[in-house]
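Given chain S, put chain V in place with the hints provided.
Listed below are the residues making up each chain.
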Amino acid sequence: MPEPVIVDRVTKRFAGHTAVDALSLSVPSGVIYGLLGPNGAGKTTTIRMIMDIYEPDDGSIRLFNDVAGGRTHSARIGYLPEERGLYPKMRVLDVLIFLAEIKGVTRRAARAAALQWLERLGLGDWGMRKVSDLSKGMQQKVQFISAVLHDPELVVLDEPFSALDPVNRQVLLDTVIEYRRQGKTVLFSTHIMEHAEQLCDRLCIIARGKKLIDGSLADVKRTHGGKHVVIAFDGNQGAAQQIFGDRRLVSKVEDFGQQAELELAPGADAQEILQALVSSGARLSHFELASPSLHKIFVDLVGPEAAIAAANPGTGNDRGHARA
Amino acid sequence: MTGATPVHKVWAVIRREFVERVRTRWFWVSAILGPVLFAGIIVFQIAQSLGGGVRHIAVVDTGRVGYGRRIIEALGPSKSIRADAATFAPGVFDSLAGLVEAKQLNGFLIVDDSLPTEGKAEYRASNLSMQTIEELQRTLNRVIEKARLEGKGVNPEVVDWSQALRVTLDQKKCQRGACTSESAGQSFVVAYLISLLLFMAILLYGVNVMSSVLEEKRDRIVEVLVSSLRPFQLMLGKVAGAGAVSFFQFLIWGVSGRIVISLRGPIARALGADPSQIQDITLPHIPFDTLVVFMACFLGGFLLYSAMFAAVGAMSSNEQEARQAQQPVTYLLMISYLSFIGLTNDPSSTFAKTLSIVPFTSPIATPVRWAGGSMGVGELVVSLAMLAVAIVGVTWVAARIYRVGILMTGKRPNLKELMRWVRA
Chain S
25 MPEPVIVDRV
35 TKRFAGHTAV
45 DALSLSVPSG
55 VIYGLLGPNG
65 AGKTTTIRMI
75 MDIYEPDDGS
85 IRLFNDVAGG
95 RTHSARIGYL
105 PEERGLYPKM
115 RVLDVLIFLA
125 EIKGVTRRAA
135 RAAALQWLER
145 LGLGDWGMRK
155 VSDLSKGMQQ
165 KVQFISAVLH
175 DPELVVLDEP
185 FSALDPVNRQ
195 VLLDTVIEYR
205 RQGKTVLFST
215 HIMEHAEQLC
225 DRLCIIARGK
235 KLIDGSLADV
245 KRTHGGKHVV
255 IAFDGNQGAA
265 QQIFGDRRLV
275 SKVEDFGQQA
285 ELELAPGADA
295 QEILQALVSS
305 GARLSHFELA
315 SPSLHKIFVD
325 LVGPEAAIAA
335 ANPGTGNDRG
345 HARA
Chain V
879 MTGATPVHKV
889 WAVIRREFVE
899 RVRTRWFWVS
909 AILGPVLFAG
919 IIVFQIAQSL
929 GGGVRHIAVV
939 DTGRVGYGRR
949 IIEALGPSKS
959 IRADAATFAP
969 GVFDSLAGLV
979 EAKQLNGFLI
989 VDDSLPTEGK
999 AEYRASNLSM
1009 QTIEELQRTL
1019 NRVIEKARLE
1029 GKGVNPEVVD
1039 WSQALRVTLD
1049 QKKCQRGACT
1059 SESAGQSFVV
1069 AYLISLLLFM
1079 AILLYGVNVM
1089 SSVLEEKRDR
1099 IVEVLVSSLR
1109 PFQLMLGKVA
1119 GAGAVSFFQF
1129 LIWGVSGRIV
1139 ISLRGPIARA
1149 LGADPSQIQD
1159 ITLPHIPFDT
1169 LVVFMACFLG
1179 GFLLYSAMFA
1189 AVGAMSSNEQ
1199 EARQAQQPVT
1209 YLLMISYLSF
1219 IGLTNDPSST
1229 FAKTLSIVPF
1239 TSPIATPVRW
1249 AGGSMGVGEL
1259 VVSLAMLAVA
1269 IVGVTWVAAR
1279 IYRVGILMTG
1289 KRPNLKELMR
1299 WVRA
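Protein chains in written order, with my numbering: chain S, 25 to 348; chain V, 879 to 1302.
With the rest of the complex left out, here is chain S (with noise of 0.2 Å):
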């Protein structure tokens, strides 16, 4: 079966600043895939050109194997766009026919499968409804109906998970791995490493428009790894510190108080650490040794501005403007 989706240093570029540079990827059939990157890194718009919404100035994009569109290919493909957005005013139910209808499914199809994902997602009895009428994640859930509504063999997910409450989250996770299951492709975009280390098999992790990595999860953790020491404290720290201060020891650390994930200096023993630690005081109530966490390579390979961004989703997200 070929790659759904193949793109071929792809540069696009906005008045003012290249905003997709020379990139590459391809997504292999049956995967999750997670395209990376912190705010205003060009993953929407990289998305938006496998989606035929921009065309690339360089590069080209194969979808199924073939260089027509997206557009081309839109009863085969699944988007929920970042930007989301129904009409307020039409039922919701009138909403998910059209929607689907332009992508060609007939009307009779498009009620049945809408009634049957309205009941699936728990909006059985919303569907006589204004879309206007409905809360903001009851619209979430009715925007990811209408990307999977036509039954796509590619869902292509623009940060879905941002702005969706714990519950409805869990939702959208099951389904999304649901539809692996069935062997279908999702490509997501997300800033939020947590979601992408539970989901991904394979991912590309992009900054300023350029690739830093890419391959399938356990690759990318083996060839980024170094080794790791995960511990959590059960109040007193003691000399913590100072130990992670010394660079004999231990070469990175990220402390998030209570916790830390620590990269062993080079030749040092996990071991010789433990042991400074306890006879500091310290009091452990956790010491692993870990591969690398995604956020960690992230936080790594993007840099410390770029994580603060992404820890802040929401903020510096300029896309949109100054687009000729």
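All clues stand as given, with none of them false.
Facing chain S, from chain V, some residues (calculated, C-beta under 7 Å):
1. K887
2. R894
3. D1097
4. R1098
5. I1099
6. E1101
7. V1102
8. V1104
9. S1106
10. L1107
FYI, nobody ran anything at the bench for these hints, they're computed from the structure.
Where a beta carbon is used, it is the ideal one built from N, C-alpha and C, also for glycine.
Below, chain V without anything else, positioned relative to chain S:
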């Protein structure tokens, strides 16, 4: 999954646009109540002026010959004026003015013996209605004529015989080889209705397209749409959908207009007017060819202007910006509407001819001139051809602005940026 043809997709957009608009309460309010209200107001006014009751006036004769008495006699058969003599005495004008003030009298006429020599009289009233003045003038003229002829020794019976017959001018309008009985008044009304209807319809439905584009942009629906549809298909569907709504509305107006006309008797009675007088009101006859030209020009004008309005909606981010940006387009449409007087007074002038050739004014100017009978078939063909060319050109430019504009947020583009969008 079946591959959708572009037609299927555009059709879905047209249907959504149509159904969502027709479903609103406002559509039906304006479609049904609008004409009923307009017709009601017009019928009410006509009923008022026709059955407005008899005007009661006094005639004061300050002379001795008795012209006042003659005038009262001459007004005898009148249905709308009842005249009584008021004896001339000091202070009579003031007391009559008092009666007028108290609404016991509509007015009073003052004549003296110099009437047949000077031809002057005076009428004082609280309300100088055209109808009353015209009838008084006609009557006074007859009285003078009779008095002057009698002065020259003509037999009064001969004068009466002579005055008994008045000419009725049967007006026929001849255009393109056929003559219809249509009065100058009716012609004017038809021409005025044509330009008013076209102006209103093109503006209202063009603005509808604009706000629909704006809604999709503001509510951020457009991104999902353009991942399934070409921007041009989307724009086409919107314009066609809004156009279909306006045709539907015309249909409702036409049908309800017919119903109102056929029920004019009962309506007049309900409003307290004499139904027999209302029976004279008929729809002015509109020839089939005029109707066809009207529809063709509406369709052309609508396509031309709604493409421009769609581009305006696409380049704006909110209602306020759109209101500003639509002004040049609205002014362009207004030119031909405001030139209506020139178009009807002299439909063959160079000015009128120019307006009916230039595509931006021809949608209104052409049907007005055609209805006036001063436009040849050759001119019509040129006008419609120019319009068709302009539609293609303007739609092409508008679609390019639309394509870039719908995904833009932030500052409205200036002219230079717009040019870049078009060239991109």
